[in-house]
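Asker: Spelled out, the chains give:
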Amino acid sequence: MRLARTLKSSSFRVALLYMALMGTSMVALLAFIHWSTAGYMARQLDQTIEAEVEGLAEQYRTGGLVALATALTLRVDRSADGAGVYLLAGDDLTPVVGNLDRWPQVAPDAQGWVRFDLRGRGTTGRETHAARAKTFRLQGDLHLLVGRDVRDLEATLGLIRSALGWGSGLAATLAVLGGWLMSAGVVRRIEAIARTSREIMHGDLSRRVPTDGSGDDFDQLADGLNRMLDRIVELMDRVRQVSDSIAHDLRTPLTRLRTKLDGLHGTDDPAAQSALDSAVADADELLATFNALLRISRIEASGRQADLAPVDLALLARDVAELYEPLAGDRGQSLRVSAAGPLWVQGDRDLLFQALANLVDNAVKYTPPGGTIGVAAECDGQVARVAVSDVGPGIPAELRERVFERFFRGDASRSTPGSGLGLSLVQAVAQLHGARIDTSDNDPGLRIALCIPLQSRGEGPAGPKEGVGRA
Amino acid sequence: MRVLLVEDDPQLSAFLLKALREVGAVADHAGDGREGLFLAAGGGYDVLILDRMLPKLDGLAILRTLRASGDATPVLVLSALGEVEDRVAGLRAGGDDYLVKPFAFSELHARLEALVRRRAGEAPATRLQVADLELDVLSREVRRAGTPIALQPREFRLLEYLMRRAGQVVTRTMLLEHVWDYHFDPQTNVIDVHISRLRAKIDKGFDPPLLHTVRGAGYILRG
Numbered sequence: 001m002r003l004a005r006t007l008k009s010s011s012f013r014v015a016l017l018y019m020a021l022m023g024t025s026m027v028a029l030l031a032f033i034h035w036s037t038a039g040y041m042a043r044q045l046d047q048t049i050e051a052e053v054e055g056l057a058e059q060y061r062t063g064g065l066v067a068l069a070t071a072l073t074l075r076v077d078r079s080a081d082g083a084g085v086y087l088l089a090g091d092d093l094t095p096v097v098g099n100l101d102r103w104p105q106v107a108p109d110a111q112g113w114v115r116f117d118l119r120g121r122g123t124t125g126r127e128t129h130a131a132r133a134k135t136f137r138l139q140g141d142l143h144l145l146v147g148r149d150v151r152d153l154e155a156t157l158g159l160i161r162s163a164l165g166w167g168s169g170l171a172a173t174l175a176v177l178g179g180w181l182m183s184a185g186v187v188r189r190i191e192a193i194a195r196t197s198r199e200i201m202h203g204d205l206s207r208r209v210p211t212d213g214s215g216d217d218f219d220q221l222a223d224g225l226n227r228m229l230d231r232i233v234e235l236m237d238r239v240r241q242v243s244d245s246i247a248h249d250l251r252t253p254l255t256r257l258r259t260k261l262d263g264l265h266g267t268d269d270p271a272a273q274s275a276l277d278s279a280v281a282d283a284d285e286l287l288a289t290f291n292a293l294l295r296i297s298r299i300e301a302s303g304r305q306a307d308l309a310p311v312d313l314a315l316l317a318r319d320v321a322e323l324y325e326p327l328a329g330d331r332g333q334s335l336r337v338s339a340a341g342p343l344w345v346q347g348d349r350d351l352l353f354q355a356l357a358n359l360v361d362n363a364v365k366y367t368p369p370g371g372t373i374g375v376a377a378e379c380d381g382q383v384a385r386v387a388v389s390d391v392g393p394g395i396p397a398e399l400r401e402r403v404f405e406r407f408f409r410g411d412a413s414r415s416t417p418g419s420g421l422g423l424s425l426v427q428a429v430a431q432l433h434g435a436r437i438d439t440s441d442n443d444p445g446l447r448i449a450l451c452i453p454l455q456s457r458g459e460g461p462a463g464p465k466e467g468v469g470r471a
Numbered sequence: 001m002r003v004l005l006v007e008d009d010p011q012l013s014a015f016l017l018k019a020l021r022e023v024g025a026v027a028d029h030a031g032d033g034r035e036g037l038f039l040a041a042g043g044g045y046d047v048l049i050l051d052r053m054l055p056k057l058d059g060l061a062i063l064r065t066l067r068a069s070g071d072a073t074p075v076l077v078l079s080a081l082g083e084v085e086d087r088v089a090g091l092r093a094g095g096d097d098y099l100v101k102p103f104a105f106s107e108l109h110a111r112l113e114a115l116v117r118r119r120a121g122e123a124p125a126t127r128l129q130v131a132d133l134e135l136d137v138l139s140r141e142v143r144r145a146g147t148p149i150a151l152q153p154r155e156f157r158l159l160e161y162l163m164r165r166a167g168q169v170v171t172r173t174m175l176l177e178h179v180w181d182y183h184f185d186p187q188t189n190v191i192d193v194h195i196s197r198l199r200a201k202i203d204k205g206f207d208p209p210l211l212h213t214v215r216g217a218g219y220i221l222r223g
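Heads up: the sequence lines are chains A and B, in that order.
According to this note's numbering, the first sequence is numbered sequentially starting from 1.
According to this note's numbering, the second sequence is numbered sequentially starting from 1.
Derived from the structure by calculation, the hints contain no laboratory data.
Just so you know, nobody snuck in bad clues.
In silico DSS-like pairs for lysine-lysine, Cα to Cα no more than 30 Å straight-line:
| # | chain 1 | residue 1 | chain 2 | residue 2 |
| --- | --- | --- | --- | --- |
| 1 | A | Lys-260 | B | Lys-101 |
| 2 | B | Lys-56 | B | Lys-18 |
| 3 | A | Lys-260 | B | Lys-56 |
| 4 | A | Lys-365 | B | Lys-101 |
| 5 | B | Lys-201 | A | Lys-365 |
| 6 | B | Lys-204 | A | Lys-365 |
| 7 | A | Lys-260 | B | Lys-18 |
| 8 | B | Lys-101 | B | Lys-56 |
| 9 | B | Lys-18 | B | Lys-101 |
Not the full set, but computed from the structure, chain B residues with beta-carbon under 8 Å of chain A:
| # | residue |
| --- | --- |
| 10 | Lys-101 |
| 11 | Ala-104 |
| 12 | Val-190 |
So, partial list: chain A residues that the calculated Cβ filter (under 7 Å) puts toward chain B:
| # | residue |
| --- | --- |
| 13 | Thr-255 |
| 14 | Asp-262 |
| 15 | Tyr-324 |
| 16 | Asp-330 |
| 17 | Asp-350 |
| 18 | Gln-354 |
| 19 | Ala-357 |
| 20 | Asp-361 |
Here the structure is a predicted model, which is why all the values come from computation and not from measurement.
Virtual Cβ for every residue (Gly too), placed ideally from N, Cα, C.
Take these sequences, add in the hints, and give me the full structure.
Answerer: Below, the structure is given as structure tokens:
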């Protein structure tokens with residue numbers, strides 16, 4: 001997985017490109033080094049041999065065979081170590097003068113160059129050395145061969161070539177390794193940023209991109225991102241604070257208003273009484289909205305709490321269904337519940353009940369008469385899933401995330417009563433419980449599921465929470 | 001009914017005192033915690049209404065002090081805070097009921113009545129009767145004018161709750177809290193449908209109707 005990501009990463013591709021460029025220039029450099037060292041030595045040798053051939057040919061032209069033979073003998077003597085190879089042969093290639101016992105049986109190339117083995121060389125007299133020589137045909141059907149024992153030269157050339165080969169191999173290995181390490185490092189840092197952004201997308205705004213304190217480009221990038229996130233959180237907090245203060249500040253005068261209206265109760269005029277009742281109902285609706293807003297904020301602000309108690313989600317689902325069944329029945333809807341339990345989760349039973357009630361409430365609102373509402377609680381691996389489905393108009397896929405926003409109302413819900421806060425509260429409750437909300441198409445209709453991690457086996461349910469509020 | 005109201009908001013206090021007196025209660029008022037504790041400790045009240053946030057001494061401290069001194073006067077805690085942990089804290093400190101501001105006076109009144117009656121009440125009866133409606137808690141039988149009536153378990157609990165508070169107004173929130181045992185705000189009046197189903201079973205075909213709706217407040221079962 002990691003390997004595949006590293007191979008696919010753009011930084012690895014850049015590293016690969018650099019490796020290719022570096023490889024090409026290294027090959028060029030090595031070729032030049034080879035040409036200017038080994039090549040130079042070979043060329044030098046050929047020039048020496050050619051100069052010698054020129055000299056000997058000149059001797060032959062001016063002094064005839066005798067001068068040539070004399071010069072050859074002299075050279076053979078001078079080259080006591082046997083580095084120089086000379087042979088003058090007759091028309092049938094039988095040796096005349098020289099330090100070769102026979103003419104090499106190798107065909108020369110167009111320029112007369114020949115390469116052959118010298119047997120019985122070296123200090124032991126048993127080695128075979130390579131030789132390079134130029135053959136030359138003299139007037140009078142004589143053959144001249146001038147050459148050098150090239151064993152030392154070839155050994156040197158071999159050393160140079162192997163040095164170049166090893167050097168380039170090592171450099172290539174280092175380049176691949178370096179490129180790999182570098183891109184893996186970059187991929188790791190980018191991966192950390194990507195992971196953080198994914199977590200933030202999942203709703204955990206408190207996450208920050210890790211820095212390693214080196215102050216490098218990535219640290220600066222992470223720093224910038226983190227500052228941006230801080231700013232976003234700050235702005236969101238401020239917006240929330242403003243809406244909270246509005247709700248809070250307006251709640252007090254509204255409460256007084258409602259109280260005063262309540263105080264006017266009992267007037268004899270039926271028209272005034274009905275106006276009063278309707279004014280009280282309006283005030284109640286406003287108060288309910290403000291209360292819901294403040295409640296959501298309080299739930300969100302409280303974060304994950306330690307005092308969540310074991311709750312049987314299946315029982316909760318059955319209770320919600322039981323509470324809403326008559327309401328659905330009155331509207332000609334059928335409410336089906338399937339909740340085999342128990343499904344123990346750590347939770348706040350009142351808040352979870354509220355969340356489920358909001359979901360069922362919505363389902364009842366949007367399901368046409370004759371439609372079916374489903375409440376299903378089931379165990380799915382490590383999570384308890386409780387889903388509420390309806391056969392109403394549903395929500396277009398692109399709006400499904402937005403329904404959890406405060407005051408969001410789809411076109412279908414404009415005409416129905418409600419504050420637009422019901423699902424925001426569901427989301428706040430879900431977050432408090434570390435639960436995931438799945439919205440999907442019920443085809444037709446909408447299906448919203450709460451997925452809450454099941455309580456681990458070891459803890460064991462200590463029995464449902466006591467009904468503290470019981471009078 | 002003698003009531004002590006410990007509340008620092010003058011407007012709310014004035015309204016509550018007036019409303020309490022209108023429904024026939026004798027109401028005293030304390031504007032801060034210390035005075036509240038002083039008056040409450042003097043005794044003689046049937047029920048206390050205690051605000052949580054008070055100057056000088058907070059409501060829960062008063063409550064704990066009273067309970068520690070063996071005073072068992074029913075206490076209804078009022079609070080602007082509404083979340084579960086606050087309610088649990090209030091009830092743990094010895095409160096008997098908990099009401100979140102803002103509230104309707106009818107809600108407060110119904111709850112006060114319930115608290116006072118409960119205290120006055122003897123051992124809980126196992127046979128309840130309102131007019132010709134009878135309910136046997138043990139055999140779970142319900143009869144109206146001698147005719148057996150079949151009720152669902154929840155309807156039975158609902159009727160039992162109403163019958164134990166016959167003649168008192170019972171609010172929707174009280175029903176949710178005590179019959180369904182959940183503290184939550186329904187967005188729709190789900191309770192109304194349950195009541196009308198119950199009404200169809202116990203009142204339809206009988207005379208006079210026993211289960212009445214009290215507008216703006218709740219329900220009352222009356223013989």
